Every structure is written in C-alpha cells, then in structure tokens.
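Colleague: Sequence:
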Amino acid sequence: MKSSILFGKTLRDVPSDTESTSHKLLIRAGFIQQIASGIFSLLPMGNRSISKIRNIIREEMDSIGGQEVNLPVVQPRDLWVESGRAETFSPPLASFSDRRNREMVLAPTHEEAVTVMAKAMVNSYKDLPFILYQIQTKFRDEPRPRGGLLRVREFEMKDAYSFDLDEKGLDNSFSLIIQGYERIFKRCGINVVMVQADSGGIGGKDSNEFVLLTDSGEDMILISDKGGYAANVEKAVFEKTINPIESIMKIEKISTPNITTIDKLSKLKNISKNKILKSLLYTVNQKPVLVVIRGDYDVNETKLRNLFSGKEIRLSTKKEIETLGLNLGYISPIGIKGIDVILDDSVTMGSNFFAGANEKDFHFRNVNFPRDFKAKNVNDIAQAKQGYKVKDGEGFLTEKKGIEVGHVFKLGTTYSSKMNAKFSDQRSNSKDILMGCYGIGIGRLLAAIVEVNNDDKGMILPPSVAPFEICLVPINLNDQDVIDYTNELYKNLIHKCLEVLFDDRDSPPGVKFQDIDLIGIPIRLVVSSRNLKNKQIELKLRSGKDVQLFSIKNIETEVFNLLRNSEYI
RNA sequence: CGGGGUGUGGCGCAGCUUGGUAGCGCAUUGCACUGGGGGUGCAAAGGUCACAGGUUCAAAUCCUGUCACCCCGACCA
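Just so we're aligned, residue 2 is where the first sequence starts under this note's numbering, counting upward by one.
Hints listed in this document are in silico derivations from the structure and should not be mistaken for laboratory results. Source: prediction; values computed, not measured. No residue lacks a Cβ here, since even glycine has one placed at the ideal position from N, Cα and C. It cannot be assumed that every hint is accurate.
[To be verified] Pair ranges (Cβ atoms, derived):
{"hint": "1", "residue 1": "T324", "residue 2": "E400", "range": "34 to 44 Å"}
{"hint": "2", "residue 1": "N566", "residue 2": "S42", "range": "28 to 38 Å"}
{"hint": "3", "residue 1": "S418", "residue 2": "E104", "range": "18 to 28 Å"}
{"hint": "4", "residue 1": "E88", "residue 2": "I36", "range": "28 to 38 Å"}
{"hint": "5", "residue 1": "E104", "residue 2": "P509", "range": "54 to 64 Å"}
[Said to hold, decoys possible] Straight line, CA to CA, 25 Å or less: simulated DSS-like cross-link-like pairs of lysine-lysine:
{"hint": "6", "residue 1": "K10", "residue 2": "K513"}
{"hint": "7", "residue 1": "K312", "residue 2": "K377"}
{"hint": "8", "residue 1": "K458", "residue 2": "K546"}
{"hint": "9", "residue 1": "K288", "residue 2": "K401"}
{"hint": "10", "residue 1": "K386", "residue 2": "K402"}
{"hint": "11", "residue 1": "K288", "residue 2": "K270"}
{"hint": "12", "residue 1": "K458", "residue 2": "K25"}
{"hint": "13", "residue 1": "K375", "residue 2": "K386"}
{"hint": "14", "residue 1": "K304", "residue 2": "K386"}
{"hint": "15", "residue 1": "K386", "residue 2": "K265"}
{"hint": "16", "residue 1": "K270", "residue 2": "K251"}
{"hint": "17", "residue 1": "K458", "residue 2": "K513"}
{"hint": "18", "residue 1": "K536", "residue 2": "K497"}
{"hint": "19", "residue 1": "K390", "residue 2": "K402"}
{"hint": "20", "residue 1": "K120", "residue 2": "K432"}
{"hint": "21", "residue 1": "K274", "residue 2": "K254"}
{"hint": "22", "residue 1": "K401", "residue 2": "K304"}
{"hint": "23", "residue 1": "K390", "residue 2": "K10"}
{"hint": "24", "residue 1": "K338", "residue 2": "K375"}
{"hint": "25", "residue 1": "K361", "residue 2": "K375"}
{"hint": "26", "residue 1": "K432", "residue 2": "K169"}
{"hint": "27", "residue 1": "K319", "residue 2": "K265"}
{"hint": "28", "residue 1": "K288", "residue 2": "K320"}
Please model the complete structure; the sequences and the hints are all you need to start from.
Modeller: The following block contains the structure:
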C-alpha cells in the first residue's frame, strides 16, 4: 500500500472528548471514527488490524476443531421468550417491529440462535461433540459506553459454542478452548491471566475470565502472591480470620449516643472492628432483608445477589429504614421481626460481639450467634481484598486491575433444556445437550493491546496486529536513485508476502517518522541518498531505540527472517 | 438512572463575565524554497457559533427548553 492513496490521516491534536490512552491513539492514528456513543466505524488502517486479529482467532478456533457459522443479527423476539431471556437480559434487548408487526430484536449474543441450529442437526449421541463459532457484530444497548473501543454498544465478537453429551465432554471442550485462547492472546503479543469469575444469575458450573493486567482496566482481580489462585473481585474467596476463643458472656445493653458507625464504636470502646457486627438492610423484590457481617469485612453484593438467584438487590434507603421503625446506625439482628436475616460466616468466627440494639443511642455487647438471634442462612458473602489470606492455598491476595478480553462459560443444559435441544444416548434415553459458550471481544482486544503497548509517540504494535509490518520511507524524493531503489524494494518485499506501507508522500522526513511511530508499525526501513551511495539501508524497530545499517543485498532476507522466522519482535 | 462537564471552520482552542463587523494554532489549497524527527515564506479558501423558542434596535454572548457527546457513580448474561 502506498501512503499517497491510503484513505485516512493522522491527527496531531486529540479530540477533546477522549480519555483513555487507546481511544486517543486509535483516533489520532486514523484507525476508528465514532459515529454515536459507543458506535464506531473502522477506517482502512483500523480495519486491517481488526482483520488480522480476527484471522488469528479464526486460525486458532479452526485448529481446535471449531467450525465457523454465521448467525442472524436480527432475530424474532419469540426465540428469546423461549429461552426466558426476553425480559431478563440486561441491558434490555434493542428491539423493533418489522413490517408484519412481528417483534424483532438485535442480538446481543447468540446462544438462542446457535441452540436452534444445533437442535435441528443433532439427533443422536453420534452427532456429538462439536464446536461452532461465529465472528460477528452484536449489539448491546449499554447504559454507559466508555473508553473508545473498550466498552461499546455495537461490537464484533467471536463467540464459540460447544456441544457435548456429558460433563466430561464439556470439560474437555472447555479446556480445548482455553488452550486456543492462550495461543490467541500470545499471538496478539499480550500476557493475559485466567481468573475464576462469577457465573452470574444464569447458573452453570465454571466460568473464567481472561484478563489483561493494566492499571487502566476497570476489572478488579485478586491474585495469590504465591501464584495458583486468581479470581475477579465478584468471585474471589479468602480465608477469614477467627477471633480468639473466649468464654460466652452475658449480653448487656450499653449507651452509645451518636455512635452510628463501626469506626466510631471501635474507637469509643477501643476494640478492633472484628469484635463488632455490621448490620445492613437491603431491599430485594421490594422486601427488606437484613444482612449481617463481621465489622472487619464488607459485603460482596454479587455473592449476596446469587443467594437470591440473581435478582436485583440494593441497600435500602434511609426512608425505607425509618418506615420499618429501625434506626440507621443501630440496626441489629437482635429482636428483629418479620425480616429475613442473612449471615456472613464470619459472624460464626468469634464471640461476644458488639452489635446494634435496634434502639437509637444503644448497642449490645457480648452478642453471640445463635444464642441471641436467628438467621435464615449462613454463607460467604464477604468481599475479598488485598492482603487477605488465600483460602485452601498458599500466600496472600494481591489486588490488580485489568481489562476483560475473553470469557469462557460452562452453560450446561441451561439453554438446551429450555429450548428442547436433546439427543438420544446409547440406550435411547433422551438427554439435554451440554453446552458451553466462549467469547472474545475483537475491538476490545485491539484497544487492550494498545492500552499496554504504547509510549509518548504512539502505539507499539506487534507485527501480528499492526496494520502493516513494515514502513518503507524514501527520504529525498528528488533523488532518482532513491526513488528507483525504494520502488524495487517495495515490489520485492511484497513478493515475499510481507505487509508493506510505502510512504511515497512528498513530506519532510519528520512528518513520516511521527506517523509511523503513531501508527506503531514494527519495522521502519529508511532509504536515503547518503546511505544508498554506500549500498546501505537503515532499519529501526518501533519497539527499540537504535537504528541499524544493513547492506541492500541482505535487507530483504533480514526483514523476512525478523518477521517470519521469529515468534515476534 | 444519579452527579459533574462540554458543544464556536476537519482537529485543538479563545471570545461569553460587561450584547454591537467571529478570531487564533494545526490541518487544507496554490506557488517557491527545504529535505534525517510534525520545516520556512508568501497568498488563499473554509463557520446558520448544537437545536428550538424568548428578551432586545441588535444575541456566539442574556433567559427558557431540548438534543448530543464525555467523565465519575449505578449497571455490565
């Protein structure tokens, strides 16, 4: 490709409504154009990168036996009613009526459509297993798109779906996909960690996220400093501390005027927070629920929500608390009536606690469970944090931020049972197909790669992802020898199937160099009058600092080896 | 959905407080020079000041409403 005919141009100034590094750079480099909030067009340069990522994914999915399919973006709403997701999908489905007045939706994901496909083709256990995948545009009407391609509404996604006859088969498909993912991310030049993730209201056995660690990410994950354990914050568990054993004391009411927080009570009585019970009133389905946890821990609302099958939960408002006759700051499970009490198991790891008295300006001391109050159930609903001990393992948790670039999910029979996707086993028993789904956001992956591969000049892309592998820069267009040689080299490199951008613009060298650095092309070859006289050419790597001189006899082989015979630069 | 912010040539901004001929940098066009890090000079083109009402002799500027976009939070099968 010659720069003179390449559509799109780089920007010196960043549009003011961009914040994240990748957003700024992708705009400045002329990769993307925003057309509405969370909706982007790709220019030729961006499209080249995206295509390359797409091809890497395609190759790796094919290599584990995946078969590519194409599924409709516009789907009848009925399909979603059948799976039960018509009303529950969040964000709500984008929908419209067609000219026959039939309700249609824009697919945010394709489990329904692929299940329909599988259902029609699978009769027997002999038809299983298989993996289908698609690389297509999806639409989710996100409440808040952000960060350029990091979180968008319309996006291209690779979604793979596995179909197996039993758990063992599902486990096998699951691990095949994981191996594929590891190769995909490696080829994209990023280090990604796999972490345990919450499987959400939909149920299912296992779920893992693939996270690129970077401070600019919005995902919080916890990793053992000794390795081994890694989970996102919604899922992470930890070893809770156990308070020293004491003999059970008699409960006493104490006066605590204006002491409405754990902090204040802890200071007033000179006790550590793990001696206090924290009581929080939540509203679930318009009903109050009292949640009690030890004062040194916080509630993990995802874990709590899972106790209510994924229903919406929220802290009750001050008004709701007052309506129930409770006093903010003095709420307590003791003597509470008609409200379910949910305990974090930390409450059972200690004795003689301080707790509210459900009466303004009073607390109890020497509160003990279950002597002094009852609970509907006891679970782990605590939020893991930096420094907590790893559960059933070595080391302590460290907090890291990252970008979720992939997600794998064992669906089990969630969809097959609802949508009647069955097969006959060896004994002619009808059984539900076991499914898994496995996504990678393509645009987000590009943005994530840029987030971690850049400097003050621009992007530093690996050859596997860069729109071009080589940029060829003739420096003095008045020198016919320079022009002739560059043209020849350009042809030769293209014959070797290398991706070359020939910067044939009549611009000062500085302009060309700045553009190459911004776009992040891995190899820069400069042809100048002065070096050409000595039959030499200059090579510089975007990722490095130094320029190297090569004989023009060797340069083609040199570049070819650099790009094709090494894993990446 | 709650909070905050911004809308002025393609991009970045000033002008708005105190109403009176719409301005700057970059990019663009032409010519000349230059040729190893966004080069220099001269000339030129390009704007319903987000939209709709209102106040006024007069509105980018004041008032009311709407829309769009960004950021923080909520949310994220």
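Colleague: What's the verdict on K375 and K386, does the C-alpha distance respect the 25 Å limit or exceed it?
Modeller: Violated: K375 and K386 sit about 28 Å apart, past 25 Å.
Colleague: Verify the proposed pairing of K386 with K265, using a straight-line Cα cut of 25 Å.
Modeller: Satisfied, since the Cα-Cα distance of roughly 22 Å is no more than 25 Å.
Colleague: Within 25 Å, alpha carbon to alpha carbon, are K274 and K254?
Modeller: 19 Å, holds
Colleague: Given the range 28 to 38 Å, decide if the beta-carbon distance of N566 to S42 lies inside it.
Modeller: 36 Å, holds
Colleague: Honestly, do E88 and I36 meet the 28 to 38 Å range at C-beta?
Modeller: 30 Å, holds
Colleague: For a C-alpha distance cap of 25 Å, please report whether K536 and K497 respect it.
Modeller: Holds. K536 to K497 sits at ~21 Å (cutoff 25 Å).
Colleague: Checking one constraint from the list: CA of K312 to CA of K377, max 25 Å. Satisfied?
Modeller: It holds: about 18 Å lies between the C-alpha atoms, which stays within 25 Å.
Colleague: CB of T324 to CB of E400, is that within 34 to 44 Å?
Modeller: Once the Cβ atoms are compared, 38 Å apart, the range 34 to 44 Å for E400 and T324 holds.
Colleague: Given the hint that K386 pairs with K402, does the C-alpha gap stay at or below 25 Å?
Modeller: 13 Å, holds
Colleague: Tell me if the straight-line CA distance from K319 to K265 falls inside 25 Å.
Modeller: 20 Å, holds
Colleague: Regarding the pair K338 and K375, is the alpha-carbon distance no greater than 25 Å?
Modeller: 10 Å, holds
Colleague: Check whether the Cα positions of K432 and K169 lie no farther apart than 25 Å.
Modeller: 15 Å, holds
In this structure, the earlier hints numbered 9, 11, 13 and 23 are contradicted, and the remaining ones agree with it.
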